[in-house]
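K.L.:
Single-letter residue listing:
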Amino acid sequence: MLFLSLSRVIRFSAQNFARNIWLSIVTITIVVLTLFSVTTLVFVNAVMEQAIQLVESKVDVSVYFKPTVTAEQIFAVQTNLEALDYVRDVEYVSKSQALEKLRVRYNNSPLILESLKELNDNPLNDTLIVRTHDTSDYQKVIDILNATPQYAVLIENKNFDDNQAVVRRLERIAAEVTGVGWAVTIFFSIIAILVIVNTIRIAIYTHRSEISIMKLVGASNWFVRGPFIGEAIFYALVGTLITLGISYLVTNVSDPFVVNLLGQTDFSLLRYMNQNVVHIFGIEFIGMVFVSVFSTSIALTRYLRV
Amino acid sequence: MASRQAGNSYEDGYILVPPSILTSRFLWYTVICLGQLVNSSTMITFKNVSKIYPGQQIALKNINLDIKPGEFVSIVGQSGTGKTTLVKLILAEERPSKGKIVIGGWDITGIKYREIPTLRRQIGVVFQDFKLLPRKTLYENVAFALEVAGESNEKISEIVPQVLKIVGLESKVNRYPTQISGGEQQRVVVARSLAHRPKILVADEPTGNLDSINSRDIIELLKKINDFGTTVVLVTHNREIVNDLRKRVITIEDGVVVSDQKRGKYLL
Chain G
190 MLFLSLSRVI
200 RFSAQNFARN
210 IWLSIVTITI
220 VVLTLFSVTT
230 LVFVNAVMEQ
240 AIQLVESKVD
250 VSVYFKPTVT
260 AEQIFAVQTN
270 LEALDYVRDV
280 EYVSKSQALE
290 KLRVRYNNSP
300 LILESLKELN
310 DNPLNDTLIV
320 RTHDTSDYQK
330 VIDILNATPQ
340 YAVLIENKNF
350 DDNQAVVRRL
360 ERIAAEVTGV
370 GWAVTIFFSI
380 IAILVIVNTI
390 RIAIYTHRSE
400 ISIMKLVGAS
410 NWFVRGPFIG
420 EAIFYALVGT
430 LITLGISYLV
440 TNVSDPFVVN
450 LLGQTDFSLL
460 RYMNQNVVHI
470 FGIEFIGMVF
480 VSVFSTSIAL
490 TRYLRV
Chain X
18 MASRQAGNSY
28 EDGYILVPPS
38 ILTSRFLWYT
48 VICLGQLVNS
58 STMITFKNVS
68 KIYPGQQIAL
78 KNINLDIKPG
88 EFVSIVGQSG
98 TGKTTLVKLI
108 LAEERPSKGK
118 IVIGGWDITG
128 IKYREIPTLR
138 RQIGVVFQDF
148 KLLPRKTLYE
158 NVAFALEVAG
168 ESNEKISEIV
178 PQVLKIVGLE
188 SKVNRYPTQI
198 SGGEQQRVVV
208 ARSLAHRPKI
218 LVADEPTGNL
228 DSINSRDIIE
238 LLKKINDFGT
248 TVVLVTHNRE
258 IVNDLRKRVI
268 TIEDGVVVSD
278 QKRGKYLL
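The listed protein sequences correspond, in order, to chains G and X. Each residue of the first sequence is one higher than the one before, starting from 190 at the first, in my numbering. Each residue of the second sequence is one higher than the one before, starting from 18 at the first, in my numbering.
Hints are supplied without guarantee of correctness; some may be wrong.
[Unchecked claim] Label pairs and their computed distance ranges (CB to CB):
hint : chain 1 : residue 1 : chain 2 : residue 2 : range
1    : G       : Phe376    : X       : Gln179    : 42 to 48 Å
2    : G       : Ile391    : X       : Gly225    : 40 to 46 Å
3    : G       : Arg397    : X       : Lys172    : 28 to 34 Å
[To be verified] Some chain X residues well away from chain G (every beta-carbon gap over 12 Å; in silico):
hint : residue
4    : Glu110
5    : Arg138
6    : Gln139
7    : Asn170
8    : Lys182
9    : Lys189
10   : Gly199
11   : Asn243
[To be verified] Computed list of chain X residues with no C-beta within reach of chain G, every gap over 12 Å:
hint : residue
12   : Leu163
13   : Asn231
14   : Val275
Everything labelled a hint here was simulated from the structure, so no lab data went into it. Beta carbons: idealized from backbone N, C-alpha and C, even for Gly.
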């Protein structure tokens, strides 16, 4: 009996969906626009996050050691710094490596290369390049280097002070961008929910006389509600699948630009989508089912009292 | 004779079956058989029924009615006298403000909301504005009345062509309501109301939107249905139809029954 009723409800849902094709198309268009807006914001947030990570990865603290300091002393400092849990890595650059890097970097500047040739000794120092997980932790590294007397005697200079202002600004921008990104996503989601709720309300309103007829020939509330809820699930399913298709298309087209924009990172929008496809569209589908079923049930309630 | 059920206020010899009784197929079958055996009980009873809408608008005042099984009753009156309210009370679309309503032995005065579908599945209804489902074919419209009652697909495919044949629409089963005439639409409604073999058929101004030829066809159909033993309640203000029927006529004026004649005529 339950199976019979369920099969009828599914059949009626499919019939309503097909026989009211224009209303279905309009509703699905709204669903697709809504989901695509949300998907776009998710992608923009992902790209922004990558961009921020890229800039953050460029920030480090360079510790220049005095010429008299031995390699063992430097390695001891390196080991101690690496032991800090907020330090991501500590790279040792010997003064000869530093000189080589300088030569490579200024390969196209004959003036600098000539100047370097004229020097008898390597003017550069052995260096430790310290990177932390979070940019806010750089100050902690500086504080430790300053507060530890046995380090202070070894270190000639630290360049973090120059970057400190940039890092602070970057942190502020990153926090603002993330905050604004989520605020825009939430704002758009609320608008999208209101649009969907209203679209479904109008769809139900157009069928109000049909609902009263069903009730008058003895249909239970569940029997009336079932096909409308089924239709709402169809809208969500078809809308999500179309959005998925469009998103793949847009991602394919825009991926070269994103890869170019983020250059040195290993980020690809297409790969990001492939890795998160179930997550993103699963949540969108479930959310859309929840919103459409909820608004269908609410919109129906007033017409079921016949 | 069926006995009174604890917790329910059934009259002796109920004919319509409240959902609380439908506990098993066996019981349901037994009740149907008992119902068919009872001839003396009334099919529709209104005891001192009043309906007052908000704003103290009195639609019906102290209505007392007894309609027996198999009767053909015309309820007449001018527009706004409370005829449609009476139909709504039978279908539990409205609840009485005062009094008691018993349909087929089932006291529906305080009917629970979830019990209403069960009541309506046992009453056939024909409306002036047809009330066909526009997105369903004629076949599907008739089948729908059986589907809501949980009838099997085999039974539906057996009954629907039969009732559509009775009303002469067997060749148009796949058309939609908008593709047929008003008279044909009303015949589909009659077919739908017959599909679940109701004990009562209520027709609220069934000829209101039809020409005289189609009106006569519909009334002939109602008479035929009545001949099979179904109680027919015809609500109308069509003088000609009522006078031709020569059946019981109840006249309502300003919400009050002013006349009840066994073989009556349109008085107003």
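K.L.:
State for each hint whether it applies.
P.N.:
Taking the hints in turn, this is what the structure says about them:
| no. | hint | result |
| --- | --- | --- |
| 1 | G:Phe376 to X:Gln179: 42 to 48 Å | violated, 59 Å |
| 2 | G:Ile391 to X:Gly225: 40 to 46 Å | violated, 31 Å |
| 3 | G:Arg397 to X:Lys172: 28 to 34 Å | holds, 31 Å |
| 4 | Glu110 | violated, 6 Å |
| 5 | Arg138 | violated, 4 Å |
| 6 | Gln139 | violated, 8 Å |
| 7 | Asn170 | violated, 8 Å |
| 8 | Lys182 | holds, 20 Å |
| 9 | Lys189 | holds, 18 Å |
| 10 | Gly199 | holds, 16 Å |
| 11 | Asn243 | holds, 21 Å |
| 12 | Leu163 | violated, 10 Å |
| 13 | Asn231 | holds, 21 Å |
| 14 | Val275 | holds, 29 Å |
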